[in-house]
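Student: Each chain, written out:
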Amino acid sequence: MTTTEPIAPPTGAPVPDVGRLTPRQLRRARRRRAFARSWRQYRENKMGMLGLGLLIVFIAVGIFSAFGGAGPTSPTETLQNPTLAPPSLEFPMGTDRNGVSVLNLVIAGAWTSLLVGLMASLISMLLGTLVGMAAGYRGGLLDGSLMRVTDGFLVIPWLALAIVLAAILGQSLWIIILIIGITSWPGTARLVRAQVLSVKERTYVERSKALGGGNWHVVTRHVLPNVMPVIFANTILTVAIAILSESGLSFLGLGDPLHITWGTVIDQAFGTGAITLGAWWWLLFPSGCIVIVVLAFTMCGFAFDEIVNPRIRER
Amino acid sequence: MGTQRYLLGKLGQVLLTLFFILTFNFFLFRVLPGDPVSLLVRTTGAELTPEQQDELRAELGLDQPIFPAQYLTFLGDMVTLDLGESTILQPGRSVLEMFTERMGRSLILLVASTAASVALGMLMGIYGGWRRGKTFDNFSMGSSMVLYSMPEFVLGIILLLIFSGWLGWFPTGGYTDPVADYTGIAYVTDVINHMALPFMTLTLAYLGEYYLLMRSSLLDVMGEEFITLARAKGVREKWVLRRHAVRNALLPTVTLIALSFGFVLGGAITVELVFTYPGVGLLSFQALVDRDFPVLQGTFLFFSVGVMLANFIADLLYGYLDPRVRAS
Numbered sequence: 001m002t003t004t005e006p007i008a009p010p011t012g013a014p015v016p017d018v019g020r021l022t023p024r025q026l027r028r029a030r031r032r033r034a035f036a037r038s039w040r041q042y043r044e045n046k047m048g049m050l051g052l053g054l055l056i057v058f059i060a061v062g063i064f065s066a067f068g069g070a071g072p073t074s075p076t077e078t079l080q081n082p083t084l085a086p087p088s089l090e091f092p093m094g095t096d097r098n099g100v101s102v103l104n105l106v107i108a109g110a111w112t113s114l115l116v117g118l119m120a121s122l123i124s125m126l127l128g129t130l131v132g133m134a135a136g137y138r139g140g141l142l143d144g145s146l147m148r149v150t151d152g153f154l155v156i157p158w159l160a161l162a163i164v165l166a167a168i169l170g171q172s173l174w175i176i177i178l179i180i181g182i183t184s185w186p187g188t189a190r191l192v193r194a195q196v197l198s199v200k201e202r203t204y205v206e207r208s209k210a211l212g213g214g215n216w217h218v219v220t221r222h223v224l225p226n227v228m229p230v231i232f233a234n235t236i237l238t239v240a241i242a243i244l245s246e247s248g249l250s251f252l253g254l255g256d257p258l259h260i261t262w263g264t265v266i267d268q269a270f271g272t273g274a275i276t277l278g279a280w281w282w283l284l285f286p287s288g289c290i291v292i293v294v295l296a297f298t299m300c301g302f303a304f305d306e307i308v309n310p311r312i313r314e315r
Numbered sequence: 316m317g318t319q320r321y322l323l324g325k326l327g328q329v330l331l332t333l334f335f336i337l338t339f340n341f342f343l344f345r346v347l348p349g350d351p352v353s354l355l356v357r358t359t360g361a362e363l364t365p366e367q368q369d370e371l372r373a374e375l376g377l378d379q380p381i382f383p384a385q386y387l388t389f390l391g392d393m394v395t396l397d398l399g400e401s402t403i404l405q406p407g408r409s410v411l412e413m414f415t416e417r418m419g420r421s422l423i424l425l426v427a428s429t430a431a432s433v434a435l436g437m438l439m440g441i442y443g444g445w446r447r448g449k450t451f452d453n454f455s456m457g458s459s460m461v462l463y464s465m466p467e468f469v470l471g472i473i474l475l476l477i478f479s480g481w482l483g484w485f486p487t488g489g490y491t492d493p494v495a496d497y498t499g500i501a502y503v504t505d506v507i508n509h510m511a512l513p514f515m516t517l518t519l520a521y522l523g524e525y526y527l528l529m530r531s532s533l534l535d536v537m538g539e540e541f542i543t544l545a546r547a548k549g550v551r552e553k554w555v556l557r558r559h560a561v562r563n564a565l566l567p568t569v570t571l572i573a574l575s576f577g578f579v580l581g582g583a584i585t586v587e588l589v590f591t592y593p594g595v596g597l598l599s600f601q602a603l604v605d606r607d608f609p610v611l612q613g614t615f616l617f618f619s620v621g622v623m624l625a626n627f628i629a630d631l632l633y634g635y636l637d638p639r640v641r642a643s
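The listed protein sequences derive, respectively, from chains D and R.
For the first sequence, position 152 matches number 152 in our numbering, and the numbering has no gaps at all.
Position in the second sequence counted from 1, then plus 315, gives you our numbering.
No lab work stands behind these hints: they were computed from the structure.
Incorrect hints may have been included.
Claimed, not checked - Which residues of chain R face chain D? A few of them, derived with a C-beta cut under 10 Å, are:
| no. | residue |
| --- | --- |
| 1 | L476 |
| 2 | G480 |
| 3 | L482 |
| 4 | V550 |
| 5 | H559 |
| 6 | S599 |
| 7 | Q612 |
Beta carbons are placed, not taken as given, at the ideal position from N, Cα and C, and that holds for glycine.
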């Protein structure tokens, strides 16, 4: 099947030879062009590019640490090091109570902190999208009851719930990911529902239905692709919140004792009395990492939001 | 007439949410982990023979079917404000009493800091949004995003390092000086001295968020046609801002601020821990460390009801700010 309808080429993009393309190729070409267009808009946003740059650095550090790039972090390997040494050339971020270089701890924490943030937002995105799509597309009683549950979850104070769940279920990385995931989906669900409600009334959806498109076809081919950018922007912002949440849980001592994250480093430092010992480096370097990474995700999220949400762009 | 119906509707929603919270709480503590007795054994390593465990179960009514008998008993307990007794922290002490004893301290801290950050954040947001892209806006935008990205406890630690460790202006924590026995004015000054840093932390922690919310809401409104109309009519800029823009921009902000209370309460737990401020947050932390489940359950209930009430107040405020809500 070929399309005879000419497609308006976006400015500056090469026009594909529409007549000879299969529908799949056509779709891919369109997607590529849409992506290139968004990227051009994104590149103009200074804040977004700064955030992206910072993120790439931290992700590189994270991958480096995932492959065991961090130096020794176990007290048994650092017996010859000075303890609680302030930053110096040998230990750029100082050492902790056991003589472990704080730089090593920060690098080792990068991977786990990012992983928790990304996985938790993935869960939150899937749950939120599922609930929001079902409620928005189906409507009626299902919508009503799903939204009541969502509102109920919105008023549940997440940290109190997370504390209870962690106390009951135990302390492991996956449980923390799960906890953050299932406490942060309601916002996404409401957002997705609102988007679906507006998309499903559009004429192309009506046309698709008139041509015999089933619900599954309409949802996967029309509704989801149109809602996707908004979901994506929201997910980037959720990663920021998830990393903050993880640090809070770890600071309360709910972190996985077998893994180093920035939050658990701060928890240890604070618990050891780093403040009275004056060991600011032990506290401030991991804290700075949290702030920078969360800031980077937030900046990327805001910048992307400006592209997908034309209302904001106009201002 | 419309106002009354609006209030009744909101009250109905509150009751429904309360019911949801209670039910959720019940299932969280009764169904998920097995039951409180096996939880006690598993998490605290209490040595109880199977017979003793059964006895304890019978005593707590856990040998009854979960639904409806246990559920109804639970609801009855909640209605009469019977939150059970602490098992480890202060064995035998009523959980409700432990909370009411500390609630005042947390409440004063939270109300004061929330009021300060909402007021400041909104004012700054209005000014920044109105003069978008100017020096003030750029500066506050940048600092707001940094504050927004900073966990509350990190901010607390930084303030503690600067003002307490380095400058020595404020005590490192607590509610009063444990050695000195102040009375009268001296006591009040002492308390204020201890509250200053946690107050500053909580105020600054949410200032950024409220700034961003208010600013973006104002910018949204500024693009509306009625603003252009007001200007075309020759309304002075100051009045366009006050009567047309701000009034409408407040509406979504109020809702979003109310929704953020869940996070504020969560932040209060970590901040109270940083400053060892003996409020409800520190109590929940201690309950967590000792795995004192009745107190934990109380924490969860307390916090949920707190957020719910905050949302209810926001709804009432919303009705006051927006006459359309009452009319429809």
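Student: Take the hints in turn and mark each one as holding or not.
Tutor: Status of the hints after comparison with the structure:
no.	hint	result
1	L476	5 Å, holds
2	G480	6 Å, holds
3	L482	13 Å, violated
4	V550	21 Å, violated
5	H559	17 Å, violated
6	S599	7 Å, holds
7	Q612	8 Å, holds
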